[in-house]
Structure formats: C-alpha cells, structure tokens
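Visitor: One letter stands for each residue in the lines below.
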Amino acid sequence: MKKVLIGGIGNVLLGDDGVGPYVARLLAARYEFDEGVEVADLGTPALDLIDQISAKDAVILIDSIETDAAPGTVVLYRKADIVRHCPTVRMDPHSPALVDTILSADFFGIAPADVLLVGIQAASFEAGCSLSRSVAASLDKAVTEVLNELERLGAKHRSREDPADIDTWWTPKDNLSPLSA
Amino acid sequence: MAKRITIDPITRIEGHLRIDVEVDNNAVSNAWASCTMWRGIEKILRARDPRDAWLFTQRFCGVCTTVHAMASVRAVEDALKLEIPLNAQYIRNLILIAHALHDHIVHFYQLSALDWVDILQIPKADPTATEKLAESLSPWTRNSRNEFKAAQDRVKAVASSGQLGIFMNGYWGHPAMRLSPEVNLLAFTHYMQALEYQRKALQVVGILGSKTPHIQNLTVGGVANAIDLDSPSALGMAGLENIRVLLDEVVRFINEVYVVDVCAVAAMYPDWFKIGSGVKNYLAVPDLPLDSAGTSYDLPGGYIMNGNLAGVHPFKTAADKEFRDSVSEDVTHAYYQGGKPLHPWAGETEPDFTGWNEDQKYSWVKAPRFKGEPMQVGPLAQVLVGFAQGHPLTLKHATLAINKIETIGGIHVTPDMLHSTLGRHGARAIRASMLAELAQKHLQLLIDNISKGDYTVHNQPVFPGHEVEGVGTHEAPRGTLSHWIVIKDEKIKNYQAVVPSTWNASPRDHSGAHGPYEASLLHTPLARPEEPLEVLRTVHSFDPCMACACHTFDPSGHQIAKVKVL
Numbered sequence: 001m002k003k004v005l006i007g008g009i010g011n012v013l014l015g016d017d018g019v020g021p022y023v024a025r026l027l028a029a030r031y032e033f034d035e036g037v038e039v040a041d042l043g044t045p046a047l048d049l050i051d052q053i054s055a056k057d058a059v060i061l062i063d064s065i066e067t068d069a070a071p072g073t074v075v076l077y078r079k080a081d082i083v084r085h086c087p088t089v090r091m092d093p094h095s096p097a098l099v100d101t102i103l104s105a106d107f108f109g110i111a112p113a114d115v116l117l118v119g120i121q122a123a124s125f126e127a128g129c130s131l132s133r134s135v136a137a138s139l140d141k142a143v144t145e146v147l148n149e150l151e152r153l154g155a156k157h158r159s160r161e162d163p164a165d166i167d168t169w170w171t172p173k174d175n176l177s178p179l180s181a
Numbered sequence: 182m183a184k185r186i187t188i189d190p191i192t193r194i195e196g197h198l199r200i201d202v203e204v205d206n207n208a209v210s211n212a213w214a215s216c217t218m219w220r221g222i223e224k225i226l227r228a229r230d231p232r233d234a235w236l237f238t239q240r241f242c243g244v245c246t247t248v249h250a251m252a253s254v255r256a257v258e259d260a261l262k263l264e265i266p267l268n269a270q271y272i273r274n275l276i277l278i279a280h281a282l283h284d285h286i287v288h289f290y291q292l293s294a295l296d297w298v299d300i301l302q303i304p305k306a307d308p309t310a311t312e313k314l315a316e317s318l319s320p321w322t323r324n325s326r327n328e329f330k331a332a333q334d335r336v337k338a339v340a341s342s343g344q345l346g347i348f349m350n351g352y353w354g355h356p357a358m359r360l361s362p363e364v365n366l367l368a369f370t371h372y373m374q375a376l377e378y379q380r381k382a383l384q385v386v387g388i389l390g391s392k393t394p395h396i397q398n399l400t401v402g403g404v405a406n407a408i409d410l411d412s413p414s415a416l417g418m419a420g421l422e423n424i425r426v427l428l429d430e431v432v433r434f435i436n437e438v439y440v441v442d443v444c445a446v447a448a449m450y451p452d453w454f455k456i457g458s459g460v461k462n463y464l465a466v467p468d469l470p471l472d473s474a475g476t477s478y479d480l481p482g483g484y485i486m487n488g489n490l491a492g493v494h495p496f497k498t499a500a501d502k503e504f505r506d507s508v509s510e511d512v513t514h515a516y517y518q519g520g521k522p523l524h525p526w527a528g529e530t531e532p533d534f535t536g537w538n539e540d541q542k543y544s545w546v547k548a549p550r551f552k553g554e555p556m557q558v559g560p561l562a563q564v565l566v567g568f569a570q571g572h573p574l575t576l577k578h579a580t581l582a583i584n585k586i587e588t589i590g591g592i593h594v595t596p597d598m599l600h601s602t603l604g605r606h607g608a609r610a611i612r613a614s615m616l617a618e619l620a621q622k623h624l625q626l627l628i629d630n631i632s633k634g635d636y637t638v639h640n641q642p643v644f645p646g647h648e649v650e651g652v653g654t655h656e657a658p659r660g661t662l663s664h665w666i667v668i669k670d671e672k673i674k675n676y677q678a679v680v681p682s683t684w685n686a687s688p689r690d691h692s693g694a695h696g697p698y699e700a701s702l703l704h705t706p707l708a709r710p711e712e713p714l715e716v717l718r719t720v721h722s723f724d725p726c727m728a729c730a731c732h733t734f735d736p737s738g739h740q741i742a743k744v745k746v747l
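Protein sequence lines, in the order shown, are assigned to chains A and B.
The first sequence begins at 1 in this note's numbering and counts up one residue at a time.
The second sequence begins at 182 in this note's numbering and counts up one residue at a time.
Among the hints, a few may not be true.
Straight-line C-alpha distance at most 16 Å; calculated EDC-like pairs for lysine to aspartate or glutamate [stated by the list, open to error]: (1) K392/B x E38/A; (2) K337/B x D106/A; (3) K381/B x E430/B; (4) K633/B x D409/B; (5) K262/B x E648/B; (6) K224/B x E35/A; (7) K156/A x E35/A; (8) K224/B x E531/B; (9) K669/B x D230/B.
Chain B regions said to be covered by chain A (calculated; three or more residues, Cβ under 8 Å) [stated by the list, open to error]: (10) 229–242; (11) 334–346.
Calculated directly from the structure, the hints in this document are not laboratory data.
For clarity, every value in this text was computed on a predicted model and none was experimentally measured.
Quick reminder that beta carbons are idealized off the backbone N, C-alpha and C, glycines included.
With the sequences and hints as input, model every part of the structure.
Guide: Okay, structure coming up:
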C-alpha cells in the first residue's frame with residue numbers, strides 16, 4: 001500500500017490563492033481512493049508541513065502559482081523544479097513554506113520519494129472568498145492532473161456513486177459552480 | 182559615511198517583513214520596519230454570522246490558526262457577556278498551551294538557533310567531549326555520543342556533497358558566531374530532535390481540536406468536544422491518557438533541552454544582553470482562565486511603561502476596561518486613509534498605497550498604540566509583567582533560568598538585562614517552562630472536573646436586539662492578540678484584529694516614535710554590514726509572523742530574500 005498525501009495549499013480568504021484547498025475538497029467530494037491515500041486542505045502551512053509530508057511515499061500538492069502564463073493555466077512541477085531556487089536569508093522566520101519544508105525534510109531524511117506540485121496560475125489575490133472565472137474554469141483540469149499523477153504513482157481512485165457536496169464553506173453561495181457536472 | 186541596507190524578501194505577493202537600516206561606523210543609526218501585507222482581510226467578515234467568524238479568522242495565518250480562532254470566539258462571547266463551562270475553558274487552555282509549546286520549540290530551534298549556531302564548526306567537534314559537556318548541563322537521556330555523532334555525520338555528508346540544501350546561504354563562518362565546535366554540535370543535535378517534540382505538542386492540539394491545522398472543536402459558548410469516559414469516539418479516558426503521555430515528553434524536552442540550550446547560548450553571548458532593547462513599554466493580557474466567568478487566570482497580564490518594573494499596572498481580566506479603552510491605531514506612516522488614531526471598534530481599513538517613503542507612508546502595518554505609546558508584546562512582556570507583580574509561577578521559572586545562566590557562564594543576570602535580544606529568547610524559554618507546568622495542571626483540572634460528572638461543554642449564545650461590542654484577547658506565542666467585534670442584528674458590523682506582530686513591527690506614529698523592531702535595532706554593532714547577521718538576530722528574537730497570509734508558489738524563485746547595500 002502506497003502512502004500518498006494530496007494536499008491543497010493556499011489562503012481561502014485571498015481570492016485565487018484558495019484554489020489549492022478548493023481542489024482538495026473537490027477531490028474528496030467526488031472520488032474514493034485506495035487506502036493509504038489521504039486528501040487534505042492544508043491551508044497556509046509553514047514548517048509544520050514537514051509533519052504532514054513525512055512518512056509518505058509521495059505527496060501531490062495543489063497550489064496557486066505566479067508565472068507569466070495566462071490565468072487558469074495548470075502546470076505540473078516535480079521536486080527538482082520546486083527546490084531549484086533556495087531561499088537565502090529568512091527575514092521573517094515564518095515564511096519558509098514549501099521550498100524550505102522540502103529541503104528540511106530532505107536533510108532530516110524524511111522527504112517523500114515523489115513530491116509533485118500541481119500549480120494553477122492565479123488571476124487575483126485580492127481579499128475575498130471567490131475564485132476568479134478563469135481559475136474556476138480550470139478546476140477540472142487541475143483535478144485531472146492530480147488523478148493522472150496518482151495513477152502514475154500506482155494508487156487507484158473511483159468516482160463516488162453518490163458524490164457529496166463540496167464543502168467549501170468559505171465561498172459565497174453565488175460563487176461560480178466549479179463543475180458543470 | 183552612512184550606508185543604507187535593505188533586507189527585503191522580495192515576493193510578488195504582499196505579506197513580508199522588510200527592514201531598512203542606516204549604518205554608520207559599523208553600527209545601526211536608524212531603522213525602518215515595514216510590511217507589505219494588505220490587511221483588508223478583515224473586511225471579509227462584515228455582514229457574516231458572528232458564530233462563524235472564528236472559522237474565517239483561523240485562516241488569517243497558517244502558523245497562528247488556533248490563536249485567531251480562540252480570540253474570535255472570545256470576542257463574540259465578550260460582546261454577548263456569555264460564560265463558558267469549565268470543561269470548555271480547560272480544553273481551550275490545553276489547546277492554547279500545546280500550540281504555544283509547539284510554537285516556542287519551532288521558533289527557537291528551526292527558526293532562530295542558526296543565527297547563533299555555526300554549521301561550519303560542527304565537523305570539528307569531538308562527540309565524546311560534547312557528551313561530557315552535555316552531561317554537565319542536563320539530565321536529558323538523549324545527550325549521548327551516538328546521537329551527537331549521528332548529527333555530525335549528517336552535517337558532514339551534506340557538506341561534502343556540496344549540496345547544502347536547506348543550509349545554503351546562511352551566514353556561516355561569520356565573525357559574530359562564537360560558540361565552540363562542541364556547543365555548536367550540541368545545539369544542532371537538539372535542532373534535529375526538536376522536530377519530534379514540536380510534533381508531539383501539535384498532536385495534543387490535534388486530539389482536542391479534531392484536526393490540525395485548523396481546529397474544528399470551537400464554538401461560540403464553549404467547545405464541541407463530546408465527553409464520554411467510555412466511548413472511544415468521544416473525549417474519554419483513553420484520549421486524556423494519550424494527551425498525558427505526549428505532554429510528559431514535551432515537558433521533559435522543554436525543561437531538559439530547550440531551557441538549558443537558551444541559557445547556554447545566553448551564557449556564551451553575554452554582550453547580547455546589552456543589545457536590542459528598544460521600546461521598554463510592555464503589554465500582556467491575562468490568559469488561561471480558571472473559572473467560567475473569566476475572573477482568575479494562570480498567566481498574569483498588565484503593562485509596564487519606560488522599563489519601570491516597580492510601576493507595573495496589572496490587568497484584572499482578559500478584557501480589562503483599561504485595555505479596552507486604551508488601544509488605538511495610528512496610520513500616519515501606514516498605507517491607509519484616515520487622520521487621527523482610531524479605536525479598533527471604530528477602525529477603518531481603507532487602503533492608500535503611496536509607495537515606500539521613509540518620511541511619509543512606508544508600511545502596510547498600522548501603528549497600534551496603548552495610551553498613545555508604542556508597546557512591546559511577546560513572552561518578554563509577559564514575563565516582565567509577571568515578575569514585576571511577584572507572580573509566583575513567573576518568579577519560580579525566571580529564577581531557575583537566571584541561576585542556570587549563572588552556573589554555566591558565571592554571569593549574574595539582573596531584570597534590567599532582560600531588556601535585550603537575549604532577554605526575549607530567555608523570556609520565551611521561561612514562558613515555555615511555565616506553560617509546561619501549566620499543561621499538566623490543566624489536564625488534571627479537566628480530568629478532575631469530568632470525574633465529578635460534569636460533562637457540560639457549551640452554553641447557548643443569545644443575541645440582544647441592540648448593537649453590542651466585544652473584545653477577545655489571547656496572550657499568544659508572539660504576544661497580546663486582540664480581536665474587536667461590533668455586532669448588530671446577529672451580523673458582524675465591524676471587525677478588527679490587532680495582532681502581536683503589528684504591535685512589534687509597528688511603523689512610526691504621528692509623533693515620530695519608533696515601533697519596537699525599529700527601536701531595538703538602533704546602535705546594534707555590525708561586524709560585516711553586507712552580512713547583517715546581527716540585525717537578523719534581533720528581529721528574529723521577536724518571533725515575527727506576518728508572512729503567512731498567502732502562500733503562492735513562485736517557480737521563478739522570486740521569494741528569494743535580498744540584502745541590498747546602498
């Protein structure tokens with residue numbers, strides 16, 4: 001049994017930064033997974049992310065990204081892409097986040113063999129609980145990307161016969177419906 | 182000639198601390214603390230149900246989730262004048278203590294120890310000599326040659342691979358690093374062990390809060406933990422015993438490792454008792470209530486002005502009238518519209534971004550003031566306020582630490598020396614050992630109360646027809662946190678969070694008075710201005726936390742911090 005964590009990262013109060021938690025909750029509502037696969041909304045963790053990723057064989061994180069790509073673009077990063085740039089001086093000791101977490105886990109010898117990041121290009125990080133139209137339209141694509149990687153890692157998923165409501169309690173009721181289905 | 186140094190973790194997203202210092206003859210002659218975080222986040226809460234506010238506020242920050250949840254329910258309960266059942270107080274207290282212990286351990290080891298510990302010295306250490314040294318300091322059973330050797334081998338392997346990874350770009354070999362190879366190895370081995378013990382503390386939060394990050398068990402009026410001594414799915418004897426075992430291990434780590442290491446570092450860097458004082462006004466609120474109405478507490482609160490410990494003013498309650506009436510926020514140098522300082526209940530959060538200008542506006546942080554004065558908050562404030570009041574638990578643990586420093590380094594520490602960078606580290610360790618003792622006490626209080634047959638965890642909130650105001654405070658790991666709420670028609674009319682790091686990272690106010698970070702950096706000597714390790718030591722000693730609002734991943738590597746010397 002492979003231990004895999006699927007973790008959504010981001011701040012649900014800052015617009016498209018909430019896409020990670022959104023996708024995680026969407027996956028949990030629509031699919032069942034092999035035993036050993038855990039789906040979690042991790043919020044905006046700092047170094048305590050180490051505890052979440054240690055003792056896992058693989059981790060698939062979902063986070064908003066900031067690149068030159070069009071809003072809603074979904075990009076898959078592998079570990080080497082993520083740790084390519086190492087932070088220099090930690091000004092604020094609580095800003096370590098992803099890169100430091102993975103490098104620390106590496107040093108302690110507890111990093112998962114596979115670390116993947118499904119990134120979704122954001123349009124807006126303004127305070128607010130809704131996703132932008134372009135990011136909401138990419139949710140399907142992000143979900144597919146996660147499921148493909150999960151498959152590649154050798155873990156199975158099945159659609160729920162009776163899909164649950166997506167528990168994104170922070171979104172206003174009139175927010176865009178994420179999946180037309 | 183004066184040099185200007187900017188330390189700025191350039192992120193595209195707002196939310197980081199930037200420090201600018203002017204350096205004259207290798208010492209800091211002026212300083213500016215600024216933050217790029219936009220605080221409009223509170224606006225999200227307007228018109229929502231006050232009972233839901235804590236779910237949103239605990240998403241303010243990824244590190245301080247529980248503290249914002251707690252302050253929020255307390256604010257609503259204060260507005261509604263709602264009492265909390267004893268079980269709920271104890272369960273909340275245990276969560277707050279466990280979270281704080283986790284936080285203080287992580288702060289010292291993972292986030293600031295390497296300001297004092299030089300990785301480059303570790304390969305030179307003799308593990309046998311390290312074991313001998315460690316045995317003279319502490320009964321910690323994991324201070325063994327084998328553990329030291331294993332840690333050293335790991336550092337050697339990383340060093341010889343040329344891939345320093347997480348340790349790339351530290352200020353290794355800096356002339357301000359002065360520990361012997363053996364002390365470096367000792368502290369570094371504990372840096373590695375600390376990861377296990379902070380996790381155990383967090384497990385306690387998880388057991389009581391159902392989940393971490395983002396506890397699920399709070400509710401306005403109490404907690405949502407079902408108590409049933411025999412049911413495995415509710416909070417019962419098995420869960421409580423599990424908590425006891427975890428706490429025992431964490432408490433031992435605090436007393437035998439963390440406190441000892443801080444005392445050892447202090448004894449070996451005594452000049453840092455003279456650096457980093459700054460604002461000597463201190464503010465702390467009482468916390469860990471012992472009754473349902475919140476009239477007595479295990480942690481003392483109050484304020485001290487101008488370092489005058491004899492003139493300490495205690496607060497009787499966590500929402501003391503003097504506290505409620507005396508807080509204001511000044512936006513003279515912050516990117517917000519507005520004129521005169523406003524009380525948080527009347528607070529506005531309308532942006533007015535004008536770019537960084539040291540003489541005008543230069544930070545997204547408002548300048549909180551207490552009776553018009555800047556205040557330092559955090560463990561040092563809490564320890565000094567308790568010490569000055571003769572609070573027995575504070576005196577006990579402060580005396581133990583002070584004696585330890587004297588034993589190790591032959592330095593007699595006076596309360597006056599605590600106004601310093603080392604004072605902040607020392608006070609955090611003292612607070613951790615106080616909390617360690619209180620963790621076991623509050624667990625016993627909970628067990629005793631349940632054993633009496635009291636299973637009550639919740640009182641129903643009742644909303645009055647008229648507008649009400651409340652303040653919820655919490656003496657968080659980084660200091661006094663207060664959430665201010667105005668409720669009308671069962672909806673939130675206004676909400677403001679005055680967080681610890683805004684007190685400490687405050688910019689200047691209308692009178693030009695420096696905030697605590699700024700003031701603490703003045704006169705700091707810099708051995709190598711282009712490698713401002715000394716600035717980081719002092720800033721880190723406050724345990725700043727303002728970056729957690731947003732965690733976008735930038736694959737171009739733009740989150741790299743930049744030190745710019747002009």
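Visitor: Three or more residues of the stretch 229–242 of chain B near chain A by CB distance under 8 Å?
Guide: Since three or more residues must qualify, the claim that chain A covers the stretch 229–242 of chain B holds, with 5 doing so at under 8 Å.
Visitor: What's the verdict on K392/B and E38/A, does the C-alpha distance respect the 16 Å limit or exceed it?
Guide: holds, 14 Å
Visitor: Can the stretch 334–346 of chain B be counted as covered by chain A under the rule of three residues or more with Cβ-Cβ separation shorter than 8 Å?
Guide: holds (count 3)
Visitor: So if I understand the rule, the pair passes when the alpha-carbon distance is 16 Å or less; does K262/B with E648/B pass?
Guide: holds, 13 Å
Visitor: Holds or violated: are the alpha carbons of K633/B and D409/B at most 16 Å from each other?
Guide: holds, 13 Å
Visitor: Taken at face value, is the distance from the CA of E35/A to the CA of K224/B at most 16 Å?
Guide: violated, 41 Å
Visitor: Hinted pair, alpha-carbon criterion (16 Å max): K156/A, E35/A. Please report holds or violated.
Guide: holds, 9 Å
Visitor: Would you check the hint for K669/B and D230/B, treating anything up to 16 Å between C-alpha atoms as holding?
Guide: Distance of about 10 Å is within 16 Å: holds.
Visitor: K337/B and D106/A were given as a pair; does the straight-line alpha-carbon distance stay at or below 16 Å?
Guide: Cα-Cα ~15 Å, so holds.
Visitor: For the pair supplied as a hint, K224/B and E531/B, confirm whether the alpha-carbon distance does not exceed 16 Å.
Guide: holds, 10 Å
Visitor: Assess, step by step, whether the Cα of K381/B is no farther than 16 Å from the Cα of E430/B, and give holds or violated.
Guide: holds, 8 Å
Violated hint for the displayed structure: number 6, the only one.
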